[in-house]
Amino acid sequence: MTETSQPNAPKPAAAGGSRAAMKKELPERFKSYKHVWVFIEIERGQVHPVSFELLGEGRKLADKLGAELAGVVLGAPGGVETAVAECFAYGADLAYVIADSILANYRNEPFARGLTNLVDTYKPEILLLGATNLGRDLAGSVATTLLTGLTADCTELDVDADASLAATRPTFGGSLLCTIYTLNYRPQMATVRPRVMAMPERQERPIGRVITHSLGLVEDDIVTKILGFLPDRDATKANLAYADIVVAGGLGLGAVENFQLVKGLARALGGDYGCSRPVVQKGWLPAERQIGQTGKTIRPKLYIAAGISGAIQHRVGVEGADLIVAINTDRNAPIFDFAHIGIVADAVRLLPALTEGVTRRFSPHTRDRLAG
Amino acid sequence: MIDEKFDAIVVGAGMSGNAAAYTLAKRGLKVLQLERGETAGSKNVQGAIMYAAMLEQIIPDFREDAPLERHIVEQRFWMMDDTSHTGMHYRSDDFNTDRPNRYTIIRAAFDKWFSRKVREAGATVLTETTVTELVYDIRGKVIGVKTDRRGGQVHADVVVLAEGVNGLLGTRAGFRQMPKPEMVALAVKEMHFLPQEVIESRFNLKGDEGCVVEAAGTFSRGMTGLAFLYTNKECVSVGLGCLVSDFARTMESPYELLESFKQHPSIRPLIAGSEVKEYAAHLIPEGGFKAIPQLYGDGWVVVGDAAQLNNAVHREGSNLAMTSGRLAAEAIFQVKSRKDPMIADNLKLYKKMLDDSFVVKDLKKYKDMPNLLHTNAQNFFLTYPQLVSKAAKTFVHVDGTPKIDKEKETSRSFIKARSRLGLIGDAVRLAMAWR
Amino acid sequence: MHIVVCIKQVPDSAQIRVHPVTNTIMRQGVPTIINPYDLFAIEEALRLRDAHGGSVTLVSMGPPNAEDTLRKALAFGADRAVLLTDRYFAGSDTLATSFALASAIAKIGATYGAPDIVFTGKQTIDGDTAQVGPGIAKRLGLLQLTYVSRIASVDPEARLIEVERRAEGGIQQLRTQLPCLVTMLEGSNTIRRGTMADALKAARAQVVIWTAAEAGIEELTKCGLRGSPTVVKRVFAPGSRAEKARMIDPGTSARDTADALLDAIFAAQGALEADVAAAQASL
Ligand SMILES: Cc1cc2nc3c(=O)[nH]c(=O)nc-3n(C[C@H](O)[C@H](O)[C@H](O)COP(=O)(O)OP(=O)(O)OC[C@H]3O[C@@H](n4cnc5c(N)ncnc54)[C@H](O)[C@@H]3O)c2cc1C
Ligand SMILES: Cc1cc2nc3c(=O)[nH]c(=O)nc-3n(C[C@H](O)[C@H](O)[C@H](O)COP(=O)(O)OP(=O)(O)OC[C@H]3O[C@@H](n4cnc5c(N)ncnc54)[C@H](O)[C@@H]3O)c2cc1C
Ligand SMILES: Nc1ncnc2c1ncn2[C@@H]1O[C@H](COP(=O)(O)O)[C@@H](O)[C@H]1O
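Residue numbers (our numbering), protein chains in the order written: chain L, 1 to 372; chain E, 1001 to 1435; chain D, 2001 to 2283.
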């Protein structure tokens, strides 16, 4: 999508030239492509929250375009109904549905086929998917079949003056951002990582227009078979991205033992914990704890970063937090450029004091006082 | 073990190793070159100034495709105290020729290019392969090497040790001693990235012209050391080095020294607004002529920094490395052509060729210099720079003091600091060592 | 078995810097490396070859100097390497890249035997899209298994493969038929160190270099900039927040400092107090 095949001659240089300046001349056959679609990701009965975040973003795009917003639901009969209701609750004007037992669990073949067919039949202008494993697996296949452009991991979506989708994403290892257009092809496809966009308000609304479509496949047509599913034992694994309070530690904590202090404070606050990338590289914490561009994006109400310098790749993963608190011994650390509250202190000493402070503050005694 | 046998194995793909491997391969020998770095030059450190004449003797048309940064048209020597510098600048348009004499290079890129040439010349080059020990026959002749790869023993008629200043293999084999702390300098260096136009305007350069600043002074806090600032295309290399023994004695940290050098009012504006990208530390052999170890033996020769072939006074190393590598290769080729065995008696030809070259002649000229500078560090690197600065200041400062009094004051300050005898002594010693 | 592995030479992005004043990329001297995610694909391919026999072919699309990267990868013990390089490929987006690579893999199949498995890494660290793998699969009509954390079994006779695939909340166990395309997840194995013989062989190997024409590509409009539906319009540095952090003065003891910090936190986010109190109560 965005990167050139030639790392030493990256695209921005070329972009200064002819193609960036290229005018949009949409071929006739694409002129009938209208409206904004969001693929609704269902994994074992649950709609992935990223789909709602995308509906929120899709709503804004649709309003700017004066177009409709649709949720696209593929799943097993009986499984799709709640998802359809949720689409409307999160702002969709209509829903496209393929209900087939073959779609009970995700597999590339039937999902790619189903989504491609819907696009060919109903011709959306914009198609958004979550940049999850499922979304990326599906988006890559569908975009290739449709021979259209796909912009991965967008951090910002907008429509410009001539109604084209302007998709912004990090480039060059996150040091820069770039804005990408799909000029002469439709639909314009993009994926967005969970938590990059804000979760919109849910409003109870009646189910609106639902357009159902058939898959046109039988199980025998599908080569890949699901043999089983091994759920993750650690149920908290998925929570980090959606926790309201996150405490994270970086290389500045110096030793693996000190992550007990991070966990301790997170526990006291009722939140979850994470870390910067080098901590994962050192093997101090598992990869799913990494926050940042190549880890998780988080949007907690409170983010406490201890011993994290605040490199751009980390920053992009936490910028959506309501309140960022940084503890760092270096007063010039870049994290103080985007944190809201900062303190120059040794985190190894301050973290236990904070845990203790929280406990003290909310001990039964103090709590009574607060209540009274 | 690898069954295949080579004519020569070259250990190391730095300047000396590449020169040796290239020359051997060009002469038609079957060469295996082993380098522990990820690529040739990936970890190698140099200022770096590269001298064209010595490379021309190896690859005459190197200018066609070698990654050269800038050719040098201006040389500045600075004596510095804490707030000023007194300088001598030499700039000449004569250096703007088709075949400039000196270039700045970035070793990572340059060594990669050199290594490609070596491969194109027909040598087999293995990177990410560390030689762990030498292999001997029953008579004690070196017949190959062991490496850190599985099945990693390989045999050859002769091994060229081009392993750089640390020279672990040579030391372990007892061919040489670990260099003494007063015979090696620890140098640190940073690359300061700046837009090309900025570099050109700050140093008054156009096109590929380059400028070099070399400095001695109070920044080394009385230790034997020099600092440098070299212009590359899009970055400025800034570094300094002092004797390891001095660092050990003073407990100064090289990094802090470099930091304060960079803050010097004469240096800071030259690198202002730059982004530091690379920090490197490396040793430089500075023992000179007296530190040169045994250069050859049964089945082996040693070249470049590993043989301590480095001219600290003129800040030349890579050219001695290239030349020693080339001469070792020539010697090996001659022995091989005569179908003689690669034993000490025959390989001593290498030493003879080296003795006849500028390499040993230059080092011999300055044989007393390392010791002089080392034992008089305080004077040469602290006292004199201060005195010179003061003299220069007195000279240019117009305040109504009669000139005659100013001159007296200046000479008094020199005598007070070093005494008449001391001054004469220093001058004589310096002249003798320079001779 | 014939296994093809797609690997990409990428700039070591940890070493890319943006110039603070000019906002331009400072590319000089940035070393290139094998895309780290692709190492897992290479190792898995070598293991399958060691277990079932056959050969491993590496393929990369990139500038001429990507030959070094391929040679380096050969030293792990792969059997051959093909570099696809041509100015027509410059500026390819993922759609154009997958077209070029799929064409080259078809040619590799015709030259060295049809591949049973095509491997890619999970994603690249420069493109970072994870789209090229699925793109190649679609273009070659291969079944695709993405984010594979383990290959449980391969049966070359029955033409079957069973894998474990990372999905949301757990591991999906899948079985499909060969030939297929697998994108390997990081951490699934550790790349081996080639033996001395492997390294020697790699140092001498001739990397096969194909232009677009040599790879059998006739439709040049599907390559490079022309074959790329996406266009980069603008590259810019992320803006900084208007104001810097409000700095809390450390107290005389860690306890005072902690209290001062907590006061500031709850003053800014009062609503959190109830949540934290609830969490404390449930401890
Ligand atoms: C392509 C790419 C993707 C990346 N993706 C990510 C990503 O997803 N997430 C990520 O985090 N990084 C990512 N990085 C790495 C990122 O560039 C930084 O290297 C990393 O975030 C730095 O981690 P750190 O802040 O923990 O360590 P450092 O930068 O080493 O900072 C440690 C900090 O701790 C402070 N400190 C030291 N001691 C103490 C103490 N006792 N108390 C308090 N403070 C102390 C220091 O002053 C310093 O500021 C990526 C890099 C690249 C190139
Ligand atoms: C800061 C600094 C500035 C300098 N500036 C200049 C300058 O401006 N001009 C100049 O001419 N000289 C300069 N020099 C000196 C110059 O860099 C050296 O003299 C020159 O690099 C010596 O080349 P070499 O081949 O002997 O050693 P090196 O370049 O050090 O190469 C040795 C190679 O051997 C490899 N190796 C070592 N052991 C093994 C092993 N066991 N197995 C496999 N491989 C091994 C190493 O990885 C390395 O690649 C400078 C040096 C420094 C440190
Ligand atoms: N130019 C290329 N040459 C070879 N393989 C590539 C290339 N680009 C991408 N790939 C493969 O596709 C995978 C995903 O890349 P990406 O879609 O860029 O994240 C990589 O891990 C590689 O295996």
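One thing to keep in mind: the hints can contain errors.
[Claimed, not checked] Taking lysine-lysine pairs in the BS3-like style, the calculated list, with each CA pair at most 27 Å apart, reads:
| id | chain 1 | residue 1 | chain 2 | residue 2 |
| --- | --- | --- | --- | --- |
| 1 | D | K2107 | L | K31 |
| 2 | D | K2222 | L | K301 |
| 3 | E | K1180 | E | K1030 |
| 4 | D | K2201 | E | K1030 |
| 5 | E | K1277 | D | K2244 |
| 6 | E | K1005 | D | K2222 |
| 7 | E | K1406 | E | K1416 |
| 8 | E | K1416 | E | K1403 |
| 9 | E | K1026 | E | K1403 |
| 10 | E | K1336 | E | K1290 |
| 11 | D | K2244 | D | K2107 |
| 12 | L | K282 | E | K1406 |
| 13 | E | K1180 | E | K1026 |
| 14 | E | K1180 | E | K1351 |
| 15 | E | K1026 | E | K1352 |
| 16 | D | K2222 | E | K1112 |
| 17 | L | K123 | D | K2222 |
| 18 | D | K2201 | E | K1043 |
| 19 | E | K1146 | D | K2201 |
I should point out that these hints are in silico values taken from the structure, not numbers from a laboratory.
Okay, the hints, checked on the actual structure:
1. Of the supplied pair hints, the one linking K2107 of chain D and K31 of chain L is violated, its CA atoms being roughly 37 Å apart against a limit of 27 Å.
2. Proposed proximity of K2222 of chain D and K301 of chain L is contradicted: the alpha carbons are some 47 Å apart, above 27 Å.
3. A threshold of 27 Å between alpha carbons decides the hint, and for K1180 of chain E with K1030 of chain E the separation of about 36 Å lies outside it, so the pair is violated.
4. At most 27 Å may separate the alpha-carbon atoms for a hinted pair to count; K2201 of chain D and K1030 of chain E meet this at roughly 15 Å.
5. Distance restraint check for K1277 of chain E and K2244 of chain D: the Cα-Cα separation of roughly 25 Å lies within the 27 Å cut-off, and the hinted pair is therefore satisfied.
6. Under the criterion of a C-alpha separation no larger than 27 Å, the hint pairing K1005 of chain E with K2222 of chain D is inconsistent with the structure, at around 49 Å.
7. About 15 Å separates the Cα atoms of K1406 of chain E and K1416 of chain E, which keeps this hinted pair within 27 Å; it holds.
8. With a C-alpha separation of about 20 Å, the suggested pair K1416 of chain E and K1403 of chain E falls inside the 27 Å cut-off, and the hint holds.
9. At roughly 65 Å between alpha-carbon atoms, K1026 of chain E and K1403 of chain E are farther apart than 27 Å, so this suggested pair is violated.
10. With a CA separation close to 31 Å, the supplied pair K1336 of chain E and K1290 of chain E exceeds the 27 Å bound.
11. This hinted pair does not check out: K2244 of chain D and K2107 of chain D have alpha carbons roughly 57 Å apart, beyond 27 Å.
12. A threshold of 27 Å between alpha carbons decides the hint, and for K282 of chain L with K1406 of chain E the separation of about 64 Å lies outside it, so the pair is violated.
13. Restraint check: the Cα-Cα separation between K1180 of chain E and K1026 of chain E comes to about 37 Å, which exceeds 27 Å; the hinted pair is violated.
14. Restraint check: the Cα-Cα separation between K1180 of chain E and K1351 of chain E comes to about 23 Å, which is no more than 27 Å; the hinted pair holds.
15. In summary, the hint linking K1026 of chain E to K1352 of chain E is supported, as the alpha carbons are separated by about 22 Å, within the 27 Å threshold.
16. Our distance criterion of 27 Å between C-alpha atoms is broken by K2222 of chain D and K1112 of chain E, whose separation comes to about 34 Å.
17. Between K123 of chain L and K2222 of chain D the CA atoms are separated by roughly 23 Å; this keeps the pair inside 27 Å, and the hint holds.
18. Distance hint between K2201 of chain D and K1043 of chain E is fulfilled; the C-alpha atoms sit about 24 Å from each other, no more than 27 Å.
19. Note on K1146 of chain E and K2201 of chain D: the hinted pairing holds, with a Cα-Cα distance of about 17 Å set against a maximum of 27 Å.
Figure legend: structure checked against the earlier numbered hints; hints not met, in rising order: 1, 2, 3, 6, 9, 10, 11, 12, 13, 16.
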